[in-house]
Every structure is written in structure tokens, then in C-alpha cells.
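The listed protein sequences correspond, in order, to chains D and S. Each residue of the first sequence is one higher than the one before, counting from 1 in the working numbering. Each residue of the second sequence is one higher than the one before, counting from 1 in the working numbering.
Mixed in with the good hints, there may be bad ones.
Claimed, not checked - Below, a list of computed lysine-lysine pairs in the BS3-like style, where the Cα atoms sit at most 30 Å apart:
#, chain 1, residue 1, chain 2, residue 2
1, S, K297, D, K88
2, S, K219, D, K4
3, S, K302, S, K321
To be verified - A partial selection of chain S residues facing chain D, derived with a Cβ cut-off under 7 Å:
#, residue
4, Q31
5, S34
6, I35
7, I36
8, G224
9, I293
10, Y315
Since the hints were made in silico from the structure, they are not lab data. Everything numeric in this text was worked out from a predicted model, so none of it was measured. We put the beta carbon where it would ideally sit given N, CA and C, even for glycine.
The primary structure of each chain is shown beneath.
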Amino acid sequence: MEYKFPNDLKYTLTHEWIRIEDSFAIVGITDFAQHQLGDIVFVELPEVGMAFERGSNAAELESVKAVGDLIMPLSGEIIDVNKNLTDKPELVNLSPFIDGWVLKIEYSHANEIDELLSAEKYKQFVQNEEK
Amino acid sequence: MNNLKKTAFYETHLKLGARMVNFAGWYMPVQYESIIKEHLAVRSYAGIFDISHMGEFILEGKDVIKFLQYVMINDLNLLEPSKGQYSCMCYENGAVVDDLVYYEETSEHFRMIVNASNIEKDYQWLISHIGELDIKITNLSLKRSRLAFQGPKADEYLQPLIDIDLSKLKRFYSTHCSIKDSPVFIARTGYTGERGFEISFKNEFADIIWNELLNTGAKPAGLGARDSLRLEACYALYGHEISDTITPIEAGFSWLVKPKKGIDYIGKDVLIKQKTEGTKRTLVGLNLIDRGIIREKYKIYKNNNQIGFVTSGGYSPTLKKTIGLALIETQYSQIGTKLKIKIRDKLLKGEIVSTPFYRNV
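Pulled out of the complex, with its shape left as it was, chain S reads as follows (with noise of 0.2 Å):
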């Protein structure tokens, strides 16, 4: 573990108690003292989370929207600016290179939020498609330090620090402004299924920020819970319900493919192939029947034959039961099919139930 890169909040994590863990090559805090009851704070008030891991590039120039429109499959006609999007960059093949957000800050400048374990990836992939055009990215990913701030108080604990009406802040809007005197980038974006923000700064503001934040009642969260939150919301997670061997169209992000009449983009054939012809594999919601736990590359059955594995999977602290997502052949996958999924020897009855499991934003 000696050559992992630290968040500035490693000291903090430390002092909490936390238990690390190697996260695509960081020292993250997996969890403080239970994933259950940080969980359940950011389910019923608030918590806060350490995102820096998380890559953040600034691209500027005039044809980042054209230079956009050709590696993103969701359409930037939807944007204006302060608005942010999600979607995915895909290869060829339409496999996914990484998901992601992205803000509009003006027509020729875009704050981006990638995956941790992608940042050179996606820095290469996004270079490499330049060519001719007018545009510049940076990686301030190391410069800055993210905190995702979730769950139905966080615009009650928030308001009285920050130097905006949150009320006037929508849905993957974002703006800049100052929490206590320290400059922020805010977005009411997030992946635990509950309202609330994620906020970027250089890191010279990392302690003030988290001890301003701390102090409203908020309580820390690992990486724990942002899987088991994520999960019981059906958000992605890449290398699990999208990856270079799964298409957007596969996971069930057909909305996110886009027509964009008249522009071509890196994908796009294949995408809206599959997107009026439909897949051989379908991403589907299970619950288990019999008692266990369900976890990522378990297999599942249909007629002794296996039809798919597990995603993701495992105890949804909210709902108290076993949830999972799972990629199987599409012609199992109407909801209420039951199958049965392998955990170690044993053949457990599970059922295809619709998703999301949970969301409240």
C-alpha cells in the first residue's frame, strides 16, 4: 500500500477512524465505523463524502461542443450553460470507455467528473480525438479535492454556509460560489439515490470545507456506502454494469443514446443498432428468494443452463433484503421470471424485479 496516492483528506479519514483501503491506486476510506449506519445517515439526513479520487478536467476552446458531440453519446443540444450532463464515451464497438458528467460552464468551457480508475484512459482517449479542433483539456484532478455532500437535510445543512439560495440551484445545475469564504464549484448531481450536491476546490480549502460540512451534523461515509447507496439506486458502477466488454444499451441506458440527426459520434452505429434491434444481454434488477447474499460474478441459471452473472450485488441496508443487478440473455429478463443464481455450491432462487430498488431525489 506504500505507493497509493492520498486525498488532502487522508489525515481526516485517519483521525475518524476509518478503515483504508486501496481504491484504483488511493488510499480511500472504506468505511469509519459501520456501512450500515453511514448509510442509513445519508438515507435519513446527511452524509459526507471524500471524492477526490474521482478525475475532474477542464476543456476549453471554441468546438468543445462539436468536440463533445463526436465522443459523447448523449446529445449537447440538451445543455445550456450551467447545466450538467451524464453520459458515456464509447468505443467503436459501443462499449464503454467511461461514464461520466460533465457541466457547461459557457459554450467553450466544460468542467468534466470522471471515474478514478480512468483518468489517464479517458485524458488519452479525449486527446487523441482532437485533431484539428480548437480545444485545450486540463487535468486538475491532483489540484482539486471533491466532496459529495447527500441526503435529504443537505440542503438544510448547506444553506447557511454557502453564498447562494440553494432553492434556485435545479437538478445537474451547477455554479460557482463560496462556502465560508472559500471558492467553490457546486453541482446538485450525486450517486446515492438522495438529494444533494457534489463540490469541487482547489485543495488549499480541503480542511476548512470539511470541517464547515462536519460540523452541520453531516456524518462521513466510505466507499461502503456509496456502493451499497449507488446499488440500491441502480447508478452504474464502471467495470460492473458498464464497462469496455458492455454497451450502454446492454445496461439499459437506451435514453442516454441518442439520435443527434445529422452528427456523427464514436459509437453510433453499433449503438443505434442495438437500440432499435435490441440486445442479445439485458441489465435486469433481482432480488433473492431464498436467504444469502448476492455478489458481482455470481452465476445465474435458467433450466440448469446459465443465462448471465451478477453485476453487482449484495445487502441493501434500507430495504433489509439481498438486491443485485445482473446481465442475462434479454429473453429472461420480463420482470417476475424466476432463475436461480450460484453462491458457492449451492443454487439460490432469486426473481427479476424492477429497478430502481430505491431513490429519493
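So that you can see chain D by itself, here it is in the shape it has in the complex (with noise of 0.2 Å):
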């Protein structure tokens, strides 16, 4: 299976993509995540202004057959989340790393971000997994 891995974004060990902004990131699951779960019919969001450590539980993504989880990938405070996804749940399968976005967190340690793994990293990750 082909997945796509874009480069200019930071990856996580449980499937998350992050895109470093100034002050914040942007944060959806990966298309392996996506392929992985198949469709998507229900997201949980979080509620603006909430906070997170890194490596809790902030949102469920339920497709028919499973549900997966979105691991904060950064300690920080929900200052947005995708609203679209509400109604059309699957924008995560058509579109992981653009329209099926899912946080944006307002990250409160920067020294996190040195720990996110590289496109090349993940990609290498998810072909041993596949093994």
C-alpha cells in the first residue's frame, strides 16, 4: 500500500501529522491512520480552550469498523478544532493533511517539537509496521 508522507510536516509514533506555525500547530492523524480505520463517521472534538498534556487522549475518531484515538502530540490549549468535521466526518479519509485537519493546539513547551518525528523517520516507522 502507498501512503503519502509530506515532508514539510512533523509525525508522531501514534499516527499523528503536526504543521508548526508560529506559535501553533495544526494537528490531523496521517493517511496511514485514515487507511488504517477505513471510514470515518463520527469525530469527537475537544472543546475550544480545553488543555492537554502531550500524549493524552484529545479527540476519537470513529469509523465504522473501530475507533481510534488522537493523541496531543504537544502539551498545550485547544484554540481551535475542525468543525467541518461534524458533519462530513469523512474529510479525514478524503483529505488527512489538508481539509481533515482536526486541532489546533496553542503549544506550551516548544522544546516538544525537537522530539516529533521527521517524514523520513515516520515513513520508515509505518514500513515496519506493515511488515
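Mind docking these for me? Both chains are given alone in their own frames, and the hints should help you get the complex.
See below:
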């Protein structure tokens, strides 16, 4: 199976992607993750203003067959959520890196960014998982 | 996954890009491209399902009917040659060994199709009750392959390939015939809530029959769609709606428990009592009022007390909403009753609704 791994994004071992902007980060699940879940039919989003530690569950993505967690890749506060997913959860399948983004985080520990994976490293990890 | 069994269609599934999973010890396709697309294909034209993981037994001998009357809860007197019947085998306490379909080919020759996860248990259970009766049971599960061909266009698509008049094959009837010179057993049965057929044949014909069915335009559909289709149609899945702890009466199969006057059968005393007096638990249909997805084992509450649990739940691609089946205390089982379902740490609103959610057979 061929998956997309955009080079300008950071990744986690739990299959989130992160686009780092100046003081905030946009987060979604990777192409690999949406393929694994299959048709996504409901996204449970957190409330804007909630704060999470890195590693905690921030959103749930429900497919026909399974539930996937979106794990906070960085500690911080939720400053926006993709409300389009409420009526069109399938955007996560159709466009995981653009229209299917899930959260915006105002991150509180910039040093955590250094621990995120590059596209190359994440791709290697996925290829090992596929074996 | 290395010790899993492979059906004759294993390579075919891989070529089609299926995601393979372990189901009851078999490599099976859960989906090819999209469960929703496969589901909707079956509702709008036709789908092909590999169901070769299911078990297939032949029961032969002078006492077959007498034997089945003793181990099955449904009444064999309702059968005639070529007709099939859905039934359950139960334990003495009324809980279910397995649910299955058998076809009377002749009064001394029956074909039985059982759940994949129960093949060995069923075979041993049947053998252990033969006693002095004249009956021989053969397990053909691995020697034959099985496909389901389901959907509103199943008749139209299959007719040009088959040497019988399908319009004469009534629901739950079966026959032996040929698909493009390959001998098959075919029955008008299914597990999707659509018109359609279940077809069984020797493994050597697997490729030719699959290709003929695929060329009709029908869409290969995996176990994911099979499950979402049967949930909409409210067909029980062993281990969920019925099991070795849930009786057919609790699961709403009162019609299946037959009086069979003058005939003793396993579980009869308990089941007839439950049928007459009712049970503490009842299977109901659920609609989720709040947004979310309900899944098996989620707990159900009324007035802060747990009153039951979800047996199967999920997204209905046909109705585009969340549906489920649940086993709850009978006193709360009236249609329209509002209740709460615990999803992770939240209690979401739900309502008891009439079933099935969808059927077009």
C-alpha cells in the first residue's frame, strides 16, 4: 500500500501529523492512520479552551469498524477544532493533511517539537509496522 | 497471523487490495476499498462475499429428521425436500450452541451451514448426540468453498450464468445446478437483508465461479459490510445477540422455539417456559439521539442504574445514523423508552425503536 508522507510535516509514533506554525500547531491523523481506520463516520472533538498534556487523548475518530484516538503530540491548549468534521467526518479520509485537520494547539513547551519525527523517520516506522 | 487458514479466494482478495484480518482462525477480507461503498453496493445492486470460512456438514441416514428434531429447536415438520430452515441448537439451559441453516435435500440427506467460530464445537456436539441412531455426519468445510451473492440485482446478474430458472427458486429453497458448467449447491438465503443467494461448490471451482460473478458487475464485499448489513437487517450474530449465555427467547426468537408436540428436544423445557412466562432480559433496537457511535459491550442506563448492554452497534450506511441492538431488562423494553448509553466517559441519550432497521427481502 502506498501512503502519503508530506515532507513539511512532523509526525508521531501514534500516527498524528503536526504542522508547526509560529505559536501554534495544526494536528490531524496521517494517511496511514485513516487507511487503517477505514470510513470515518464520527469525530468527537474536544472543546476549545481545554488544555491537555502531551500523550493524552484529545479526540476520538470512529470508523465503521473501529475507534481511533488522536493523541496530543504537544502539550498545550486547544485554540480551534475543525467543525466541518461534525457533518463531514469523511474529510479525514478524503484529505487527511488538508481539509481533514482536527485540532489547533497553542503549544506550551516548544522543546517538545524537537522530539517529533521527520517524514522520513515516520515513513520507516510505518513500513516496519506493515511487515 | 501465520497459523491462519486461507480460503480458496485468499490470493484473489490480496490482488483486489483487501485488508485481511483474523476472523475465527481465518485470513478474511474485512474490506477491499471501503465498508460503506461495499455496503451501499449490496443495497443498490449486488455484492459478492467470501463465506468459505463457514462450516458445511452433510448429515445422512434413515434417522436424520428424528435426530435434528432432538437437537434443533425449530420444527423439521415444516420442511420438505429442497427447503431450508434457520434454527438454533441449544443447551439444556436454553442458551445457544450455535445458530445455523440446514437444507433438506432428501429426507435422509441434509446439508448444514454453521458459524466459522463454532465448526469444531458443533461437530462434536452433533456427534455426541447420535447414540444408536442411523446417521452419519461428514464435515465438508475445508473441501468446499462458499460465496454469498446478495443484492436487488442478484437475480438479474446471476440468471445468464446458471442453468436453472431462478424465479422458481423461492426464499429458503435450494437446488443443485451449474454455473458455467461448474456444479454448485445454491440456496435463496442470505445475511444482508437483501434478495440473494448462497452458493457452495468444490474448491476446484473457486476461481472460475468468482470470476463469473465478478464479471456481472457485482462488487466484492468484505466482513465489515457483512456485519453492517446484517445489523441493519437485525440478523443475530453468534457471540453477540445469541450465545452460550443468551437464549433464543431473550434474543427475540420466540417464533423459532416450536412446541413440537410429543417430541422432546434439548432445551425444550426451559425455552417453552421462557416463551410462556417471558424473560428478565429482552433484545431491543436502539437509536442514538445524541451524536456518537455505540458499540458492543457499551453499558446502558436508566435512572442511573445499569439495565443492560449493547450486543452490536455501529453506523448504518443506509440510514446514515447510529443504530444498535441491546439486551436490557424487560421492564424497560417498550418502544419509545429513553435511556442512556455510556460511551467512554459520557452518557449519551438513546431510544428504543422497532426493528429491523432495514430489510428488502
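Hints versus structure:
1. Simply put, K297(S) and K88(D) have alpha-carbon atoms about 27 Å apart, close enough for the 30 Å limit, and the pair holds.
2. Under the criterion of a C-alpha separation no larger than 30 Å, the hint pairing K219(S) with K4(D) is consistent with the structure, at around 27 Å.
3. Under the criterion of a C-alpha separation no larger than 30 Å, the hint pairing K302(S) with K321(S) is consistent with the structure, at around 22 Å.
4. Restraint check, Q31(S) versus chain D: the minimum CB separation of about 6 Å is within 7 Å; hint holds.
5. At its closest, the beta carbon of S34(S) sits 5 Å from a beta carbon of chain D; the interface hint therefore holds under the 7 Å criterion.
6. Interface hint at I35(S): satisfied, since its Cβ lies 4 Å from the closest Cβ of chain D, which is below the 7 Å cut-off.
7. Here the hint on I36(S) is kept, as its CB sits about 4 Å from the closest CB of chain D, short of 7 Å.
8. Using the Cβ-Cβ criterion of 7 Å, the hint placing G224(S) at the interface with chain D is satisfied: the shortest such distance is roughly 5 Å.
9. Hint status for I293(S): holds, given a least beta-carbon distance of 4 Å to chain D, under 7 Å.
10. Hint on Y315(S) holds. Least Cβ distance to chain D is approximately 4 Å, under the 7 Å limit.
Comparing the model with each numbered hint stated earlier shows that all of them hold.
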